[in-house]
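In case you want the letters, here they are:
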Amino acid sequence: DAGVIQSPRHEVTEMGQEVTLRCKLISGHNSLFWYRQTMMRGLELLIYFNNNVPIDDSGMPEDRFSAKMPNASFSTLKIQPSEPRDSAVYFCASSFPGTGNNEQFFGPGTRLTVL
Amino acid sequence: DQQVKQNSPSLSVQEGRISILNCDYTNSMFDYFLWYKKYPAEGPTFLISISSIKDKNEDGRFTVFLNKSAKHLSLHIVPSQPGDSAVYFCAASEDTDKLIFGTGTRLQVFP
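Respectively, the protein sequence lines represent chains A and B. Residue numbers 431 to 545, in the numbering used here, belong to the letters of the first sequence in order. Residue numbers 360 to 470, in the numbering used here, belong to the letters of the second sequence in order.
The hints are simulated quantities; they were obtained by calculation from the structure and are not laboratory data. Each hint should be verified, as a subset may be incorrect.
Claimed, not checked - DMTMM-like cross-link-like pairs, simulated, lysine to aspartate or glutamate; straight-line CA separation at most 25 Å:
no. : chain 1 : residue 1 : chain 2 : residue 2
1   : B       : Lys-430   : A       : Asp-516
2   : B       : Lys-364   : A       : Glu-444
3   : A       : Lys-508   : B       : Glu-401
4   : B       : Lys-364   : A       : Asp-486
5   : B       : Lys-396   : A       : Glu-533
6   : B       : Lys-457   : A       : Asp-493
7   : B       : Lys-457   : A       : Glu-492
To be verified - Listed next, the stretches of chain B that the computed footprint assigns to chain A, with coverage defined by at least 3 CB atoms under 8 Å from CB atoms of chain A:
no. : segment
8   : 401-415
9   : 456-468
Note that CB positions come from ideal geometry on N, CA and C, so glycine has one too.
Make the full structure from the sequences, and use the hints.
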């Protein structure tokens with residue numbers, strides 16, 4: 431299995447532009463999590479889905495952020511319009527029921543730089 | 360408000376010695392605690408976990424200790440190796456799929 435796949439790995443954009451980050455879950459996993467990593471706050475959960483349904487989006491910082499899960503294996507995180515303070519590494523992770531310890535499997539991340 | 364705290368941003372240990380990484384939490388309802396390891400330019404990878412009904416879990420060189428009364432857990436690495444140099448994240452969950460992560464501790468193991 432290829433693991434969780436994220437694209438792009440790096441994104442540099444200008445303030446005001448729309449940014450779309452993509453994530454492919456591990457086959458058979460049914461929960462999907464989007465995180466943002468910053469020096470000050472560590473790994474922050476932005477939103478998570480279970481069986482394609484958003485369960486908790488309390489971590490989404492503003493209305494500029496939106497996430498979708500159009501099917502069981504794919505998700506997007508969109509920032510529109512982007513701002514310099516959105517610069518961070520964004521991770522998605524997936525999990526499956528029955529792990530016993532709530533283990534999540536992370537992708538390699540997308541490093542976003544907003545100029 | 361940070362429910363999971365890692366108060367030491369960095370730790371430096373000599374190869375062969377013990378590394379002790381600490382984590383404090385505020386929510387007494389957490390039922391699982393996990394440690395993740397992260398190398399630069401990679402995603403975090405699962406290392407070891409412990410259920411709230413236990414006070415110790417061991418896996419090779421890695422041992423996690425849980426002190427529920429103090430709301431504190433620690434990760435011990437013995438002996439430390441240069442390949443252990445990474446950022447370590449503590450995480451906790453409360454009867455859901457959701458994990459709450461700490462801010463991480465950067466461990467450097469030098470020869």
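Inset, instruction - Quick one: which hint numbers does this structure break? Sort them smallest to largest. - result: 1 and 2
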